[in-house]
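A.B. asks: Chain residues, written in single-letter form:
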Amino acid sequence: MKFSNPPALAGARILGLGSYQPDHVVTNHDLAQRVETDDQWIRDRVGIVERRIAPEDLSLVDMAVEAGSRAVKDSGLDTGDIDTVIVATCTMPNPIPNAAAQTADRVGIHASAAFDVNAACAGFCYALGTAADLVRAGTSKNTLVIGAEKLSDWVDWEDRSTCIIFADAAGAAVVGPAATEDEIGIGPVAWGSAGDIASTIRILGESTNKLHQEGQAVFRWATTKIAPVALEAIAKAGLTPADIDVLIPHQANLRIVEAVAKRLRAKGARQDMRVADDIVYSGNTSSASIPMAMDHMRTAGTIRSGELALLVGFGAGLSYAGQVVVCP
Amino acid sequence: MADNAEILTGLAEIVEEVAGIDTAEVSADKSFVDDLDIDSLSMVEIAVQAEDKFGVKIPDEQLAELKTVGDAVDYISKNQ
Ligand SMILES: CC(C)(COP(=O)(O)OP(=O)(O)OC[C@H]1O[C@@H](n2cnc3c(N)ncnc32)[C@H](O)[C@@H]1OP(=O)(O)O)[C@@H](O)C(=O)NCCC(=O)NCCS
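Protein chains in written order, with my numbering: chain A, 2 to 329; chain B, 96 to 175.
Because the hints were derived from the structure by calculation, they are not lab data.
Even for Gly, the Cβ is constructed at its ideal location relative to N, Cα and C.
Heads up, some of the hints might be wrong.
As the list claims (entries may be wrong) - Chain B regions said to be covered by chain A (calculated; three or more residues, Cβ under 8 Å):
(1) 124-136
(2) 139-147
Said to hold, decoys possible - Derived DEER-like restraints, expressed as beta-carbon distance ranges:
(3) A:E57 / B:G165: 49 to 55 Å
(4) A:T300 / B:A123: 49 to 55 Å
(5) B:E111 / A:W42: 23 to 29 Å
(6) B:D130 / A:G193: 37 to 43 Å
Assemble the whole structure, with the sequences as input and the hints as a guide.
C.D. replies: In structure tokens, the structure reads:
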């Protein structure tokens with residue numbers, strides 16, 4: 002007996018982007034009314050000026066649908082061309098049903114393969130790497146990848162070391178085929194995990210159901226271990242650091258973003274490499290942050306179609322993943 | 096093995112690089128937080144670089160104990 006597989010393609014690429022944020026803005030001054038903190042402290046330590054928080058009646062899936070629909074529109078595809086939906090999320094209110102099936106249905110992608118990926122703030126890059134391989138292998142024609150989070154449901158609003166950081170949003174990308182090598186727009190993923198220090202960021206259902214984090218331990222890990230992952234992603238794509246036009250790390254803390262950029266520049270990345278700072282007005286939105294930052298930068302003109310962007314996500318798990326992509 | 100004067104010089108260079116403070120300001124009696132105005136996240140970055148430079152381990156709990164530049168020099172000198 003002989004199995005047959007669909008022929009593999011040269012690779013995959015991003016065809017479209019979209020993002021969505023709730024309307025409600027929460028400033029540092031607003032937070033200072035609830036917990037003992039101040040605007041300057043938050044700006045200095047995490048670089049955030051304001052963030053968006055979803056109202057009770059706006060669900061994670063609502064945000065995913067909005068971002069996903071915008072990405073599909075941007076890609077120029079019909080929903081019928083898409084056969085797979087992956088939602089990266091770690092903040093669904095309940096374990097089942099998953100976010101992806103509902104999102105797919107509401108975006109108008111019927112009977113699609115649909116599953117969630119939980120790799121927290123690395124989730125989008127995990128899902129993008131998975132989608133690229135599904136498309137390249139011929140398993141999927143086109144895949145919609147969405148990072149969507151409603152962190153406000155899980156944040157302890159009395160804990161001043163976390164409530165100042167996290168926020169709500171969704172970001173999405175459509176991944177489609179690259180028929181020739183020249184068309185490839187998603188490099189191989191460099192990914193992994195550090196389960197030995199899993200407890201540094203956690204939500205423990207049996208106790209409070211609220212997010213806890215050992216901020217300094219996470220900061221130390223992120224500022225030392227993430228630049229090497231980014232360099233591995235560059236090497237796997239057959240590129241050098243000087244090729245990167247735009248760095249889009251997970252928007253965890255502006256100080257981490259700057260530390261990663263500094264380390265990459267010390268390894269040959271250009272001084273004029275642009276660095277995403279979407280966190281300033283969006284907060285840390287976990288798996289949504291990378292696609293949303295890329296979408297916002299494209300709207301602002303700080304990344305242009307055809308430029309090379311280095312994506313690198315990292316967070317709870319601890320998990321990390323990165324890849325180089327061509328901006329659609 | 097670096098002696099204390101060499102450790103101080105090396106540490107001052109790291110502090111200058113991370114926090115932009117002139118090396119001349121970084122003397123043994125100075126408190127990182129109160130005198131040099133270095134926050135806890137910059138301290139982590141300084142610790143990471145000191146680990147590389149001097150071949151020591153400075154865990155977060157230990158870092159919190161290093162109040163002055165002199166404390167850090169002593170710790171590095173004993174543990175290198
Ligand atoms: C959370 C984080 C901002 C805390 O900063 P930190 O410098 O480590 O803060 P510490 O917990 O050491 O606290 C330092 C001081 O600031 C105080 N503090 C903490 N939060 C504060 C706030 N919101 N406003 C004012 N003061 C605050 C602390 O109580 C402490 O005061 P003390 O020294 O008098 O006790 C920082 O550790 C961080 O961002 N880490 C990375 C986390 C991250 O990126 N997570 C996402 C991963 S996906």
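A.B. asks: Next step is simple, just say for each hint if it's right about the structure.
C.D. replies: Verification of the supplied hints:
Only when three residues or more bring their CB closer than 8 Å to a CB of chain A does the claim for the stretch 124-136 of chain B stand; here the count is 3, and the claim holds. For the stretch 139-147 of chain B, the proposed coverage by chain A is satisfied: 4 residues have a C-beta within less than 8 Å of a C-beta in that chain, meeting the threshold of three. Separation of A:E57 from B:G165 is about 54 Å and conforms to the stated range, judged on CB atoms against 49 to 55 Å. Between A:T300 and B:A123 the Cβ separation comes to about 52 Å, which falls inside the hinted range of 49 to 55 Å.
Checked against the hint of 23 to 29 Å, the pair B:E111 and A:W42 passes, with Cβ atoms roughly 24 Å apart. Look at B:D130 against A:G193: about 41 Å separates their beta carbons, and that is inside 37 to 43 Å.
Against the hints set out earlier in the document, no violation occurs for any number.
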